[in-house]
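Protein chains: 2
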Amino acid sequence: MRFLHTADWHIGKKLYGYDLEQEQEDAFKQIARLAVTQKVDAVVIAGDLFDRATPSEDAVARLDRMIIQLNLKLKKPVLAISGNHDSAVRLNTGREWYKATSFFLTTALKDALVPVEFADTQFFLLPYFRAYQVRNLFDDPEITDTTKALQKLICEMKKNFDPAKKHVLVAHFFVIGSSQLDPEMQPQVGGLNAFSTDLLTDFDYVALGHLHDKNALKNEKVRYSGAPLKFSLAEAKTKKGVWIVDTAPFTCDFHEIKPLHDVVLLQGSYQELTTPEYYKQVAATDYVGLQLTDKAVIPNVINNLRGFYPRIINLERTAKAAAPQAKDQEKLDLSPIQLLQRFFTEMTDSQISSSQLKWARESLERIKTEGEGK
Amino acid sequence: MRFLHTADWHIGKKLYGYDLEQEQEDAFKQIARLAVTQKVDAVVIAGDLFDRATPSEDAVARLDRMIIQLNLKLKKPVLAISGNHDSAVRLNTGREWYKATSFFLTTALKDALVPVEFADTQFFLLPYFRAYQVRNLFDDPEITDTTKALQKLICEMKKNFDPAKKHVLVAHFFVIGSSQLDPEMQPQVGGLNAFSTDLLTDFDYVALGHLHDKNALKNEKVRYSGAPLKFSLAEAKTKKGVWIVDTAPFTCDFHEIKPLHDVVLLQGSYQELTTPEYYKQVAATDYVGLQLTDKAVIPNVINNLRGFYPRIINLERTAKAAAPQAKDQEKLDLSPIQLLQRFFTEMTDSQISSSQLKWARESLERIKTEGEGK
Numbered sequence: 001m002r003f004l005h006t007a008d009w010h011i012g013k014k015l016y017g018y019d020l021e022q023e024q025e026d027a028f029k030q031i032a033r034l035a036v037t038q039k040v041d042a043v044v045i046a047g048d049l050f051d052r053a054t055p056s057e058d059a060v061a062r063l064d065r066m067i068i069q070l071n072l073k074l075k076k077p078v079l080a081i082s083g084n085h086d087s088a089v090r091l092n093t094g095r096e097w098y099k100a101t102s103f104f105l106t107t108a109l110k111d112a113l114v115p116v117e118f119a120d121t122q123f124f125l126l127p128y129f130r131a132y133q134v135r136n137l138f139d140d141p142e143i144t145d146t147t148k149a150l151q152k153l154i155c156e157m158k159k160n161f162d163p164a165k166k167h168v169l170v171a172h173f174f175v176i177g178s179s180q181l182d183p184e185m186q187p188q189v190g191g192l193n194a195f196s197t198d199l200l201t202d203f204d205y206v207a208l209g210h211l212h213d214k215n216a217l218k219n220e221k222v223r224y225s226g227a228p229l230k231f232s233l234a235e236a237k238t239k240k241g242v243w244i245v246d247t248a249p250f251t252c253d254f255h256e257i258k259p260l261h262d263v264v265l266l267q268g269s270y271q272e273l274t275t276p277e278y279y280k281q282v283a284a285t286d287y288v289g290l291q292l293t294d295k296a297v298i299p300n301v302i303n304n305l306r307g308f309y310p311r312i313i314n315l316e317r318t319a320k321a322a323a324p325q326a327k328d329q330e331k332l333d334l335s336p337i338q339l340l341q342r343f344f345t346e347m348t349d350s351q352i353s354s355s356q357l358k359w360a361r362e363s364l365e366r367i368k369t370e371g372e373g374k
Numbered sequence: 001m002r003f004l005h006t007a008d009w010h011i012g013k014k015l016y017g018y019d020l021e022q023e024q025e026d027a028f029k030q031i032a033r034l035a036v037t038q039k040v041d042a043v044v045i046a047g048d049l050f051d052r053a054t055p056s057e058d059a060v061a062r063l064d065r066m067i068i069q070l071n072l073k074l075k076k077p078v079l080a081i082s083g084n085h086d087s088a089v090r091l092n093t094g095r096e097w098y099k100a101t102s103f104f105l106t107t108a109l110k111d112a113l114v115p116v117e118f119a120d121t122q123f124f125l126l127p128y129f130r131a132y133q134v135r136n137l138f139d140d141p142e143i144t145d146t147t148k149a150l151q152k153l154i155c156e157m158k159k160n161f162d163p164a165k166k167h168v169l170v171a172h173f174f175v176i177g178s179s180q181l182d183p184e185m186q187p188q189v190g191g192l193n194a195f196s197t198d199l200l201t202d203f204d205y206v207a208l209g210h211l212h213d214k215n216a217l218k219n220e221k222v223r224y225s226g227a228p229l230k231f232s233l234a235e236a237k238t239k240k241g242v243w244i245v246d247t248a249p250f251t252c253d254f255h256e257i258k259p260l261h262d263v264v265l266l267q268g269s270y271q272e273l274t275t276p277e278y279y280k281q282v283a284a285t286d287y288v289g290l291q292l293t294d295k296a297v298i299p300n301v302i303n304n305l306r307g308f309y310p311r312i313i314n315l316e317r318t319a320k321a322a323a324p325q326a327k328d329q330e331k332l333d334l335s336p337i338q339l340l341q342r343f344f345t346e347m348t349d350s351q352i353s354s355s356q357l358k359w360a361r362e363s364l365e366r367i368k369t370e371g372e373g374k
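Chains A and B, in that order, are what the protein sequence lines are. If you're matching positions, the first sequence starts at 1 in my numbering and goes up one per residue. If you're matching positions, the second sequence starts at 1 in my numbering and goes up one per residue.
Among the hints, erroneous ones may be present.
Which copy is meant is left open, so a pair is good if it fits within one copy or across any two.
Cross-link-like lysine-lysine pairs, in silico, DSBU-like; alpha carbons within 30 angstroms at most [stated by the list, open to error]: (1) Lys110 to Lys29; (2) Lys158 to Lys280; (3) Lys358 to Lys73; (4) Lys73 to Lys159; (5) Lys368 to Lys239.
These are calculated hints, taken from the structure and not from any lab test.
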């Protein structure tokens with residue numbers, strides 16, 4: 001069994017206000033092409049198909065077209081689950097009809113326990129879940145946290161294991177590695193308990209969605225595919241793509257998806273950023289985050305930089321952090337005028353002038369008087 | 001060919017704040033039962049499946065279950081179109097998979113021209129449309145109104161007519177009867193042009209949705225099914241149901257749907273409405289509109305009446321209209337105190353007392369003074 005593992009498509013997502021329709025369409029085409037050229041037997045999408053529980057009409061139509069392409073036109077079985085960004089109920093519409101063409105979509109826990117079977121592999125499609133849903137499903141008050149919930153779910157899945165076949169779990173949750181490596185860790189992120197990979201050893205492969213970085217876990221058989229696109233500046237330096245997984249013998253190969261328009265993070269002084277060596281690295285259609293190292297005030301800086309980088313999505317000054325900072329307690333002890341003087345120096349690398357100081361004192365006095373007058 | 005004609009389910013609709021989930025489920029069960037007992041070959045739903053373009057998760061899940069019941073469990077072909085209340089795009093999700101089990105859902109004009117064919121009948125499924133959509137589809141600038149648009153659509157449909165078969169149009173628009181009967185009529189209702197039945201003579205039957213009253217048209221072969229439930233007090237006296245249509249020989253029979261909880265309009269004085277002869281006509285779970293004929297003020301009237309009619313959805317006074325009304329111009333010439341005296345007399349059938357008049361003058365004076373003080 002050979003399958004393509006992808007996740008976190010987030011159809012309809014915007015990047016700092018920019019619609020990513022073109023980029024998502026292009027990434028999808030690369031995924032569809034890989035499904036064909038790599039001759040996969042199925043495409044696995046591990047949750048967060050949409051970016052929002054109530055996606056726009058446009059997003060709804062686009063995902064529908066993508067699945068039509070994979071499943072009805074290219075005749076590839078599709079195995080998908082709902083993620084925390086999806087509305088399980090909305091995504092579920094039509095599910096009962098999809099099975100006929102091997103589009104297996106699971107959004108309800110009760111449907112996660114019975115595998116989708118191929119010649120040599122059983123797939124368990126586990127949608128994003130909360131502990132209370134598992135508690136209700138099994139009417140078991142002892143299921144009080146997500147770890148117990150997952151243990152119970154896997155225990156039920158194992159009753160349906162065919163020992164002659166490989167077992168693949170498709171899931172959408174936060175996994176942080178082995179507890180043997182770091183026994184201290186029991187974090188909670190965004191209200192979702194993080195699981196140890198120790199819980200997942202019954203499976204030959206776990207195809208995860210949720211984290212957008214394929215390197216989020218260091219585990220041979222428990223992997224995030226990551227999103228097919230960079231959805232934030234924090235991901236600027238990561239590579240995006242999909243895993244092509246063979247179950248027997250087990251192999252797992254990364255295939256990169258080249259972004260139609262990249263997300264790039266650049267650092268430098270205003271002078272550096274406006275030289276060809278810098279701005280020629282970046283296409284005019286790339287989404288650019290800039291970290292400006294200057295301390296001096298540069299008038300109209302963002303509009304000037306847009307001449308070189310038309311799609312600036314963020315502008316940050318690094319100099320502030322580098323300048324010596326007053327400790328918090330120390331700052332509390334300063335007068336407003338002292339704070340202003342320090343701020344002026346940090347920002348401009350020069351002393352405030354006596355006339356500037358006079359204006360500042362007058363303004364402060366006026367504000368204070370008006371405040372008392374009320 | 002024998003089919004059931006229904007429309008305007010408006011799943012998710014509320015009646016004066018009351019959720020109609022139970023009533024809609026019950027009406028659906030009656031429709032499904034009729035489909036079985038009447039041995040129909042198909043169920044036609046002529047638009048407005050949902051009440052809103054973005055229905056709630058609950059409404060989405062309920063409609064999905066209903067169509068699963070009709071199409072996958074009872075194995076009935078379902079022929080449906082989108083209405084003006086539906087989002088054509090959202091409703092369309094999954095369409096490409098539905099065909100395999102003879103669930104034919106049309107929400108796009110381009111799909112309306114090719115019929116769905118049964119042994120002896122061609123169905124043309126025409127979703128709710130606007131003239132500009134037809135103009136764009138055919139790239140024809142002369143299609144400037146809905147009548148021209150419909151003529152063009154029917155002209156295209158006729159190219160696909162099989163003369164050996166019957167032809168049924170399923171549509172969702174406003175039809176008002178024959179222009180021969182009333183040549184003056186060219187009304188526009190809600191921005192939607194009304195069509196004459198003259199335009200529809202090419203079809204052996206036209207299964208309409210949009211108007212909620214099955215008697216909205218007097219035409220043997222062009223019919224509204226009406227909604228399966230009363231959705232307003234204006235419909236209190238109408239009967240709801242579906243048509244069972246045979247194409248050859250043509251017959252069309254109405255089958256009533258009994259409401260789980262009725263919508264009732266009662267008129268009478270407070271004394272009459274609170275006698276058993278009145279309130280025993282009505283079940284405690286019925287939705288009741290009351291028209292109160294009293295002129296006198298009745299303290300706490302709605303709460304008292306709720307003791308007899310727990311689900312009052314509207315309370316109206318008919319006496320007001322009967323009392324002699326000052327003409328608009330005359331009212332403009334009256335002072336506030338004169339207006340108040342007249343209002344008091346109209347509402348209570350008695351003269352305002354001198355102490356009441358004194359309070360009113362003092363209040364008016366106070367309001368005037370406060371207004372000037374600002």
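A quick look at each hint next to the structure:
| no. | hint | result |
| --- | --- | --- |
| 1 | Lys110 to Lys29 | between (33 angstroms within a copy, 25 angstroms between copies) |
| 2 | Lys158 to Lys280 | neither (55 angstroms within a copy, 60 angstroms between copies) |
| 3 | Lys358 to Lys73 | neither (74 angstroms within a copy, 84 angstroms between copies) |
| 4 | Lys73 to Lys159 | between (35 angstroms within a copy, 29 angstroms between copies) |
| 5 | Lys368 to Lys239 | neither (54 angstroms within a copy, 73 angstroms between copies) |
The structure does not agree with the numbered hints 2, 3 and 5 stated previously, though it agrees with the rest.
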